[in-house]
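Sequence lines, in order, name chains A, B and C. Mind the numbering: the first sequence is residues 138 to 518 in my numbering, read in order. Mind the numbering: the second sequence is residues 15 to 451 in my numbering, read in order. Mind the numbering: the third sequence is residues 5 to 84 in my numbering, read in order.
If you're looking for bench data, these hints aren't it; they were derived computationally from the structure. It should be emphasised that the depicted structure is a prediction, and the values quoted were computed from it without experimental measurement. Don't take every hint at face value.
Said to hold, decoys possible - Listed below are the simulated DSS-like cross-link pairs for lysine-lysine, each with C-alpha atoms no more than 27 Å apart in a straight line:
| hint | chain 1 | residue 1 | chain 2 | residue 2 |
| --- | --- | --- | --- | --- |
| 1 | A | K149 | A | K185 |
| 2 | A | K357 | C | K20 |
| 3 | A | K391 | B | K412 |
| 4 | C | K41 | C | K21 |
| 5 | A | K377 | B | K103 |
| 6 | A | K517 | A | K437 |
| 7 | B | K412 | C | K41 |
| 8 | C | K41 | A | K374 |
| 9 | B | K103 | B | K80 |
| 10 | B | K266 | A | K185 |
| 11 | C | K41 | B | K404 |
| 12 | A | K469 | A | K517 |
Chain residues, written in single-letter form:
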Amino acid sequence: MAFISSGYNPDKPMENRITDIGPRKYDEFYPEVIRNNKGKWKYHEILKPGVLVHVSETGDKVFTVRCGGARLMSVTHIREICDIADKHCGGHVRFTTRNNIEFMVDSQDKLDPLVKDLEGRKFDGGSFKFPIGGTGAGVTNIIHTQGWIHCHTPATDASGPVKATMDTLFEEFQDHRMPAHVRVSLACCLNMCGAVHCSDIAILGYHRKPPILDHEYLDKMCEIPLAVAACPTAAIKPAKVEFNGQTLNSVAVKNERCMFCGNCYTMCPSMPLADTEGDGIVLMVGGKVSNRISTPKFSKVVVAFIPNEAPRWEQTTSTIKRIIDTYSNDAKKYERIGEWAERIGWERFFDKCELDFSHHLIDDFRDPAYYTWRQTSQFKF
Amino acid sequence: MAKHETPLLDQLESGPWPSFVSDLKQEAESRAKNEKGIEYQIPQDVCEDILGVLELSYKHGRTHWKHGGIVGVFGYGGGVIGRYCDQPKMFPGVAHFHTMRVNQPAGKFYTTDYLKKICDLWEFRGSGVTNMHGSTGDIILLGTTTPQLEEIFHELTHNMDQDLGGSGSNLRTPADCIGAARCEYACYDTQALCYDLTQEYQDELHRPAFPYKFKFKFDGCPNCCVASIARSDMSFIGTWRDNIRIDQETVKAYIGGEIAPNAGAHSGRDWGAFDIQKEVNDLCPTGCMYMDGDKLVIDDKECTRCMHCINVMPQALRIGEDRGLSILVGAKAPILDGAQMGSLLVPFIKVEEPYDEIKEVIEAIWDWWMEEGKNRERLGELIKRQGFQKLLEATNIKAIPQHVQEPRHNPYIFWKEDEVEGGWDRDINKFRKDHLR
Amino acid sequence: MDRDEAKKAIVETLEKKAKTKSKFYLKDFYKMVPDEKPRAVKNIVNEMVGEGTLEYWSSGSTTMIGLAGTGKQAAAEDED
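All chains, please: the whole structure from these sequences, using the hints.
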């Protein structure tokens, strides 16, 4: 493979350099019906799960078909999306915040052919390429992080558990039978580059072992003051260690202070912490970001640890399914998981969902912990 | 014939949800065939090696990636994340596998013409694997070699009029909801504001300016579809301060069962006939709605704009007409001091170009945070450490009851000298005239 | 202190500390140019990156800055 230059000259990086131009302007990409009716929309209806119509004051309508997508997407797949958009949607398409793909048409007669086309496309392995759904009182697509496909500190994979979970919840993606929206999110370590801390269900990768210290190489590969400074709980300090009769500069870790964040590994590759038995999944529930009825809520930890069970994460998906089914059978219309759990009480939540409670689930991290203990004589037996 | 056996990953091809494994395999096959005769600039079998290294992670239950901090494009502190495989001999195609963040258009609308150009570029100079999109909002181009970074940046800027997004201690790529483009709830044009601020602060976006990351997110209404209130240091949430517009005839149509409540969002289950008292008025968090005969009455002065009634009856109720946005600040994920929701700073501000009033608030906050923030301290943590009052001082905003959920629980007010009549300098001899030693 | 003096002061400080540490947070540079506002120091530092004197090192979430080509990262990251 011969190197082909783009025109960039490595000897003169500043020559003809273009910088600070920002993204393309949004309105270059609007379909005509959007351009004509922006700011004039009157109301919308969900015609069936995954299919919406928005009606404008001008009388125009836009019909949207929402499809789930794996956010990990090849250019071959994106080109297929483009083919569909060229065929049905005048060359326009959009993505949602939750990794769904939206195809829009400007009249009802274009809707059926589009839906049929999307429904008919499958990968060789048998899965749908463009499952329609993700609207209303159902389970929409999972937002997630990179996991084992690309990240250096994950405690679980992302795309795999997401695929396994969405397979398990697939009927709910294509239906409207939940009491309210259910938002599921996944972050593959506690740094949460995908902020999952306000989700109805949060799947969170968690390490449980402090870093391994590669003393022989540590001082060669890392700057010790940087590794020390990287630790958010000040658990790392410089140390001299005896190794093969030599005294080496290295670090010592106060293991009981380690919160397993992996920030030291980012600064210092001689401090890896990934571990087959140590790593796994935490489940958090009951968060929301909408201001609807009740104020936004953080998710709460309800399962302290589930081992990684690649490739299908059976315990994780079955626990999630059990929580969602219990919620669905028990909650009132419009009630989010967190609102339901607060109404029935968290002690009842653990009963009904058949989840074990342990000391791990009582907050002991810094100031906010106190506000989560029970400061009343009111509780349920 | 696949380069690496992937018995574990193969089990993720079945089931209805789109399989990323099937997709990676089709990309691997497309590169192997190379029907278009592309002169691939990174190894042709890169996707085979992605599958291989991922399979190894499935076997080990551990990642095989290492972080790299140096790589980037010249002069930018963000937009590229360095990655190296820790088994480069087994998987040479992904030995170097850096990510590029490409700043997505506001609202994430695309023309296929644009997307195809991205695909062509990324197939030629990268792995052909993307994320549409990353958590912050960027188009993520997943995996290329170091020499290709500048080439890709050159092509993006010269041929596609397209810049990179942010990472590191920069302003991160701002993101917005669909807003007025296709939503009747939008209280301001999220795309216009998102784009304007992105352009205004290009320097902060590309070059480290702050103690840590800083995020803007724009939600058109309190439904918060982009979760700005939970995950952005400055959250811009649309709101209004006049009355919800009511179409009484359509309210009757909802009551009569002619229109499905909540735009049909509950169509999958029989919840019984729509009951406006039970489903709307009784659930209103302020109890400011009631029926006067067959007329719906809203005491708008008491309304806190939670959106519930509008969500339930979108054809009958519409957002008010005196619109603007609220600014909430300091939201963040739990690392390190615990999760924080955004705290209300500016209850209402009009959204008018060139948005000078909004920019004043932003820049005052940045000046304070740049001066006072510790290394790796998010804005929310600084507010907690120094107090909400300091934020008010820095932004020159007067304290009002809307700033708090409830007043303080302790009387430990740290009075300042100039707030107390006569100051703190007192004469002990004068005091002793009335109080013996 | 004018711009060139500020740049000189930054290089001298970094060279002095090079034995123990090669990367610094932006905030650490404020102290090297004490009579300038944070925003001005930031602009000087970023200008020095553009001139090739300094370089960034990114953890992904935070950015550190040091003299170009120094430190142990380059070797550890296989980019030297």
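These are the hints, each one checked on the structure:
1. Of the supplied pair hints, the one linking K149 (chain A) and K185 (chain A) is violated, its CA atoms being roughly 57 Å apart against a limit of 27 Å.
2. Between K357 (chain A) and K20 (chain C) the CA atoms are separated by roughly 20 Å; this keeps the pair inside 27 Å, and the hint holds.
3. At roughly 45 Å between alpha-carbon atoms, K391 (chain A) and K412 (chain B) are farther apart than 27 Å, so this suggested pair is violated.
4. Pair hint K41 (chain C) plus K21 (chain C) holds up; C-alpha atoms about 23 Å apart against a cutoff of 27 Å.
5. Simply put, K377 (chain A) and K103 (chain B) have alpha-carbon atoms about 33 Å apart, too far for the 27 Å limit, and the pair is violated.
6. For the suggested pair K517 (chain A) and K437 (chain A), the alpha carbons sit about 19 Å apart, so the restraint of at most 27 Å is met.
7. For the hint linking K412 (chain B) to K41 (chain C), the alpha-carbon distance of about 26 Å falls within 27 Å, and the restraint holds.
8. With a CA separation close to 33 Å, the supplied pair K41 (chain C) and K374 (chain A) exceeds the 27 Å bound.
9. With a CA separation close to 15 Å, the supplied pair K103 (chain B) and K80 (chain B) stays within the 27 Å bound.
10. With a C-alpha separation of about 23 Å, the suggested pair K266 (chain B) and K185 (chain A) falls inside the 27 Å cut-off, and the hint holds.
11. About 19 Å separates the Cα atoms of K41 (chain C) and K404 (chain B), which keeps this hinted pair within 27 Å; it holds.
12. Between the alpha carbons of K469 (chain A) and K517 (chain A) the distance comes to roughly 20 Å, so the proposed pair stays at or under 27 Å and holds.
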